[in-house]
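Asker: Now for the letters of each chain:
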Amino acid sequence: MFAYYLQLGLRSLRKNPLLTLLMVLAIGCGVAASMTTYSVFRATSNNPIPQKSSQLYVPQIDNWGPESNEDNKGEPPNAMTYTDAINLMRDKRASHQTALFPAAMSIVPTDPSMLPFRETSYAWYADAFGMFDIPFLYGHAWTSGEDDSHAAVAVIGKTLNDKLFNGTNSVGKNINLNGRDYRIVGVTEKWNPEPVFYDVINTNGFDDPIQVFIPFTRAVELQTTTNGNNNCNHDPGKGWDAWIRSECVWVGFWAELPTKSEAGAYRQYLNGYSAEQQRSGRFRWAPNTRLRNVTEWLDYQKVVPQEAKVSLMVSLGFLLLCLVNTVGLLLAKFMRRSSEIGVRRALGATRKEIYIQFLIEAAAIGLAGGVVGLVLTGFGVMGVSLVFEPDIAKLATLDVSLVLLTMLVAVLATVLAAFYPTWRAAQVQPAWQLKSN
Amino acid sequence: MDIKPILSALRRHKAGTVLIALQIALTLAIVCNALFIIQQRLAHLSEPTGVDEANTFVITNEWVGSPSSQRADAMMREDLRVLRELPGVADATSSNSFPLRGGGWDDGIKLTPDQVKDTSGAAVYFGDDHFLNTLDIPLIAGRNFRPEEITAMDVRDRLAPPVAIVTKPLADKLFPNGDAVGKTVYFVGNPTTIIGEVELLQSQSVERWASAFAWRSIIVPKRLAVSLGVFYIVRAQPGQLDAVMRAAPEALFKSNPRRIINDDDGVQSYATIRAKAYEGDRGMALLMGVICLVLLAITAAGIVGLTSFWVGQRRKQIGVRRALGATQKDILRYFMTENFLISCGGVLFGALLAIAINLWMVTRFEMHRLSLAYLLAGVLILLLLGQGAVLAPALRASRVPPVEATRSV
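Residue numbers (the working numbering), protein chains in the order written: chain A, 1 to 437; chain B, 1001 to 1409.
One should not assume that every hint holds.
Using 20 angstroms as the maximum straight-line C-alpha spacing, the simulated SDA-like pairs for lysine to any residue come out as follows [what the hints assert, rightly or not]:
no.: 1; chain 1: B; residue 1: Lys1316; chain 2: B; residue 2: Glu1078
no.: 2; chain 1: B; residue 1: Lys1276; chain 2: A; residue 2: Asp207
no.: 3; chain 1: B; residue 1: Lys1014; chain 2: B; residue 2: Gly1312
no.: 4; chain 1: A; residue 1: Lys73; chain 2: B; residue 2: Asp1118
no.: 5; chain 1: B; residue 1: Lys1276; chain 2: A; residue 2: Asp391
no.: 6; chain 1: A; residue 1: Lys190; chain 2: A; residue 2: Gly167
no.: 7; chain 1: A; residue 1: Lys309; chain 2: B; residue 2: Gln1039
no.: 8; chain 1: A; residue 1: Lys92; chain 2: A; residue 2: Ser144
no.: 9; chain 1: A; residue 1: Lys190; chain 2: A; residue 2: Cys232
no.: 10; chain 1: A; residue 1: Lys52; chain 2: A; residue 2: Ala263
no.: 11; chain 1: B; residue 1: Lys1316; chain 2: A; residue 2: Trp432
no.: 12; chain 1: A; residue 1: Lys238; chain 2: B; residue 2: Asp1154
no.: 13; chain 1: B; residue 1: Lys1276; chain 2: B; residue 2: Phe1175
no.: 14; chain 1: B; residue 1: Lys1117; chain 2: A; residue 2: Trp285
no.: 15; chain 1: A; residue 1: Lys394; chain 2: B; residue 2: Asp1265
no.: 16; chain 1: A; residue 1: Lys302; chain 2: A; residue 2: Asp148
no.: 17; chain 1: A; residue 1: Lys163; chain 2: A; residue 2: Thr203
no.: 18; chain 1: A; residue 1: Lys302; chain 2: A; residue 2: Ser149
no.: 19; chain 1: B; residue 1: Lys1014; chain 2: A; residue 2: Ala426
no.: 20; chain 1: A; residue 1: Lys92; chain 2: A; residue 2: Asp148
no.: 21; chain 1: B; residue 1: Lys1117; chain 2: A; residue 2: Cys232
no.: 22; chain 1: B; residue 1: Lys1110; chain 2: A; residue 2: Cys232
no.: 23; chain 1: A; residue 1: Lys302; chain 2: B; residue 2: Trp1360
no.: 24; chain 1: B; residue 1: Lys1276; chain 2: A; residue 2: Ala393
no.: 25; chain 1: B; residue 1: Lys1254; chain 2: B; residue 2: Phe1231
no.: 26; chain 1: A; residue 1: Lys309; chain 2: B; residue 2: Glu1279
no.: 27; chain 1: A; residue 1: Lys238; chain 2: B; residue 2: Ala1214
no.: 28; chain 1: A; residue 1: Lys15; chain 2: A; residue 2: Gly383
no.: 29; chain 1: B; residue 1: Lys1316; chain 2: A; residue 2: Ser338
no.: 30; chain 1: A; residue 1: Lys158; chain 2: A; residue 2: Leu137
no.: 31; chain 1: A; residue 1: Lys15; chain 2: B; residue 2: Gln1313
no.: 32; chain 1: B; residue 1: Lys1316; chain 2: B; residue 2: Ala1297
no.: 33; chain 1: A; residue 1: Lys309; chain 2: A; residue 2: Cys232
Partner residues are not named here, just some residues of chain B that face chain A (Cβ under 10 angstroms, in silico) [stated by the list, open to error]:
no.: 34; residue: Leu1026
no.: 35; residue: Glu1062
no.: 36; residue: Gly1103
no.: 37; residue: Val1116
no.: 38; residue: Thr1119
no.: 39; residue: Val1188
no.: 40; residue: Leu1241
Calculated directly from the structure, the hints in this document are not laboratory data.
Idealized CB from N, CA, C, for every residue including glycine.
Same shape as in the complex, but just chain B (with noise of 0.2 angstroms):
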């Protein structure tokens, strides 16, 4: 195919052409930068907590008239043997916070006392020695509490745990030789030595303020007796789940009135959660996609419509060739070589627009580099597009009869 003809033929369209390539890249700039925040935002809501999700669920309770801490510990004894003893429930147990939360008990730790700057921030979970067990998450070294390594924590009590429990992540960093069981760090001040190692525990936030501590998640001994912030994990056995969820508060209020459980937000499952939780991220991911897919459809309408344009404005020529020999596939080639020449054209443009924009967004919002892939990812989608939307057009100019040179002029 000779595209000497068609680069003259188009230097006497240049507004069209321009326009079409312009479009193309406005097009590739944008579907780009969008794949990749989908496809970020799609790998960060599908990251595990460790918690076994399916069958577990969060109660928020809160105390009436601001009983003394004794008293909240005392009752909150009393709830966890009422919801441990519940047909259906698994394992219970309280803690300051659960993964996916939104936010929570966060704290620096240190490896020497006098050390000035953190090691490495952590997700502070108090836990009795149920809490793994009501998680479902695996000790891969070390040991559980016991039960009478368990205490009682108003809010402004120090918190000195003699002992804790670190995920993987947190101690890979604190002791990168895999050596963390039986180490002692410095936790708020105090000493603290790490009796157990477990793989998966995330924190409870996932949003960007929290990343720097991603799964870095310190487990105390420590059940905290206040009135307000105590929340009771349950995890049902397998099946249970919605029953549970029913049977669970009417059970506590049942065994103790003077309490708040909130009716749209008190009784959680992780299903809800998590959906809570990545509620941003998903709505982007679907937000870029339609976007995407819209853009994609007006850029291949409007090839179409300025192609269809230019095929009526040659439909003289086109019979020219075709009364001088030209085949039908002739004429239909010329029309997609010629999408193709002035897609390349936009692709080019494109690609430089799509890495600017990404790197003015990499300094203004703090996203990724773009991957190369999704540069080419898209490029391809725009050169099959353009082909896609050109065909039409291009079948239609190839089916003018060779007598159309015989008409008029």
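For reference, chain A alone in the conformation it holds in the complex (with noise of 0.2 angstroms):
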């Protein structure tokens, strides 16, 4: 039976070519606008790390006071000092933790005809690798006691290692960051979480993978400026220690605390910490902190661009107005039929025969809606990178996931807004038309 109105639906499209092409062109925008849209907002609002989103946490140290966040709806500074940041590290109140900047590091090739250039550099401690769950090619991360001894060492991503030593293992071998030899201890495998969890505040969630990291210490002793953020509340002084040891903010920070109960316990040690700065003299203010989780952080970092939300939202409204629309068309095209129904009541059709042959022929319709929809929606998603960044466009794609949903929101949509169609057409009175004709 299903297959025969499935037919029945078919052959019914040809009959009013122009009224079907209309609804099928209104689901197809409409869907198609809904899921460009979507596929935008799908990848903007992406949990990088699921496997550890609510493991891995930012504290946040109040260090400027109640004047400097009074914008700011007294919440701390996004980054931290050198100087809490290495207080904690010290501390290691969490089984994981790692300070983390952006460094600016230039890549000198060893091949002379090659020029200088630049990748995205992190500097931080041996525990991010295993925090973040970094896959290793080649090699492993460096060791704590290596963090300690500010070694020059550095780990290496797997598109700097296909440039620089064409893919071969180069665990061992030298490159020159900056103008400084570095031991290689590891290549990474492709490393992309997206959005940049890790460092939102100087990527705004998107950028290019890192290629190479070095410890954090050493970064330092070098002093190697951040090539993110610094924020001062006052000014530092002259000279990298007076920076070092002022209030200005650079640096990231991140703790893994597996279990509610030790990001409790974290909580008490960051206000224990706080109260101890201002005991000493250094805050004339209550300790005010936070430690949010990468999904409570990205979310507080508005990750998601304010186009990506309102797009989806006037998509959404675009959606339903096609839905309106389809309701109309489809009741034109049911109560069209009227006589046809009359006939088939007349013949013995139950109510719930014509109720499940025009729904099965409003499906049809919206499968027609969701073919031309993922057409549009190809062409959208190639369309996106005019209203959105470069960064952000290149993460919207039409996979199998959004294939099927595409299809699945045109289908349902349609059969949703066949109901009142259909109920209209079941309760024609097969006597009245008989009559009429």
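Starting from the two chains in their separate frames, assemble the complex, guided by the hints.
Answerer: Written out as structure tokens, the structure is:
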């Protein structure tokens, strides 16, 4: 019976070609618009590290006081001072922790024909590789001992390894960074979490994958400047040492706290630490700290661009309108066939059968709309770069799940829109229709 | 035209009436807000920077092997000499940033040293005595920097400029009486005397976060002598931009190869910089425009479809009316009026919906209040759209011959 109704439905698509075309196009446009914007929204609101997003935390410590936070609803600064980061690293109250900053590194190839170039580089601690679940292609992370001894070691990314060493195992070889040699201890697989949760502050959530990692302690010893934001509430004074000791915030910090109770304990520790700073006279205010996990942090930093939200809203409104339009057109289409329904009912078809027949017909229209929608979504995803910046646009892709979702939304929406017209069709009085012709 | 019979006829087609009205309402609500977004984005992206954009470009230079600050300063001065001597170059300068770059240094300015809160934020530009001439921004008061006032600065040095030039919006914010030149302000905790005032110089970022200090810029007599984060701003003589953009990096590499000038964005014309800075705004306007057009088309198609159906259903009644003496014009007017009544209901509901959506967006997305002009424009567009869409089916209805009344039943 299903096959027969589907056949009837497809045949009726051809009966009023103009009306059908209108419906199919409306559904296609509506679905395509919402799916295109959804693809961007999905990419930007993605959970970059699902297995650990509730175990990795960003601690924040208020070292500026209420005066400076007034405009920011009393929230502590988004980054840490070097002093606080080092103290937290020293206390080691989390199972793993790392301070980090984007380091300005230029790579000088040994091949003299190649010009120096720049890659995204970060300085952090050995713990970070395990915390962020970074997979290794060759070698491994450096050790905590090498952190302590400020060792000249580096881990490089696959892309850089391909570029410099043609993809061969480069562990043990040297790489020249900012004019100094570093011994390569590991090569990471492609590691490209999106959004780049580990440094939202300096990237707004979207950046090229990291290709160079060096120990934080080494970078600081060499007075490597941060390539990211540096925010000061007061003049830090002259020179590197003054800056390092100042209240300027520029260091990112992550702590791994696998259980809720550990997170609770860490919160207490942060407050205790701040209270201690207050007692020593550095803070002139009560402890004001935060501890946010990955999801909360991305949400707090508003990583999903406003454009993505607004355009998703508008597209959903657009889809709604297309559905209202479809309800009207389906009504016209179905009611035109009142006499046909009358004949079928008179020949013994029950209301239920009429329901099923017309809902399947609607599903056929939805299917056609979905195909049109799929094609338009394809174009839409290609055109995303017109609306969003390249770092974000390249994340929007038409993958299997989006294809399935497009078809599902198209069919479901059309069937939903068909409920009222179908109900009206089933109400047709057979006697009345038969009489009039 | 008697409206009563139309209304009683509509009562028998509740579903169709409500559907058309609902479509018009939704379309109005979306189109009004979309038009409003378009207008705001277009207004934003046509704001001037103050720079002579047609002839200016920016080179992002980076030294290799972390040279000392003195060395970096010497190399930068040599670069500036090379650039200024290049044929076709009007002038060149170096800075820590440039308008529309997307981010950069900003700082608070106070009027007294012990003030707790800043009087204003300001975008900070480093510049030498060639800065104003290169960007082609004229002084409106005071004087330019003298060559001997320019000093080099390492990234961790203290920024304590004894003198500075400010834009008019910043000067007006600090000294509303218009007598900023000669006054002392406190900038990064140190006293700075304002020696000049320029009309216009946009901030580095035009994003929302920087809107609090838009147009408020301060130029300090400094050269940033570091290996990374230095930009050469070059103004070519009229018509020479392309040639100079090609020649400049070549000349720089020839003079000193130990540097990185990125292939894809190391040398950017202001047209490119502007396009990048406003990419999101332009894209959003485009997206909203396309959605508006498709939306209107779909609504019009829906009206045509439903009205055609009605006309088909009522052929007999139309025939009867025609047989009883109604002219073709009467029939046409009937359907036009009917549509007008439905549209009026739709736009009424739609206007309320548009305002509700806008108010919600104001709280959620920091948007502005919808201005009434957009609502009125939207209402007008939709009423015209309705009338236009109904015209074809109504004309067909008016051509139904009176003889239809005699066919069957």
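Asker: Taking only the CA atoms, is the gap from Lys52/A to Ala263/A under or equal to 20 angstroms?
Answerer: Since the Cα atoms of Lys52/A and Ala263/A sit roughly 13 angstroms apart, the hinted pair holds (cutoff 20 angstroms).
Asker: Does Asp207/A lie within 20 angstroms of Lys1276/B when you go C-alpha to C-alpha?
Answerer: Holds, at about 16 angstroms.
Asker: Would you mind confirming whether the straight-line C-alpha gap from Lys302/A to Trp1360/B stays at or under 20 angstroms?
Answerer: holds (18 angstroms)
Asker: Compare the distance between the alpha carbons of Lys1276/B and Ala393/A with 20 angstroms, and conclude whether the hinted pair is satisfied.
Answerer: holds (14 angstroms)
Asker: Please work out if Lys1117/B and Cys232/A have their alpha carbons no farther apart than 20 angstroms.
Answerer: holds (14 angstroms)
Asker: For Lys1316/B and Trp432/A, compute the direct alpha-carbon distance and say whether it is at most 20 angstroms.
Answerer: holds (16 angstroms)
Asker: Are the Cα positions of Lys190/A and Cys232/A separated by 20 angstroms at most?
Answerer: Given pair Lys190/A, Cys232/A is violated - Cα atoms ~35 angstroms apart, limit 20 angstroms.
Asker: With the threshold set at 20 angstroms, check whether the alpha-carbon distance from Lys1014/B to Gly1312/B stays at or below it.
Answerer: It holds: about 17 angstroms lies between the C-alpha atoms, which stays within 20 angstroms.
Asker: Taken at face value, is the distance from the CA of Asp1118/B to the CA of Lys73/A at most 20 angstroms?
Answerer: It holds: about 17 angstroms lies between the C-alpha atoms, which stays within 20 angstroms.
Asker: So if I understand the rule, the pair passes when the alpha-carbon distance is 20 angstroms or less; does Lys1316/B with Ser338/A pass?
Answerer: holds (16 angstroms)
Asker: Taking the least C-beta to C-beta distance, is Thr1119/B closer than 10 angstroms to chain A?
Answerer: violated (14 angstroms)
Asker: Does Asp391/A sit within 20 angstroms of Lys1276/B, going by the straight-line distance between their CA atoms?
Answerer: Roughly 12 angstroms between the alpha carbons, so the hint for Lys1276/B and Asp391/A holds.
Violation of the numbered hints given earlier is confined to hints 1, 9, 13, 16, 17, 18, 27, 28, 32, 33, 38 and 40; the remaining hints are satisfied by the structure.
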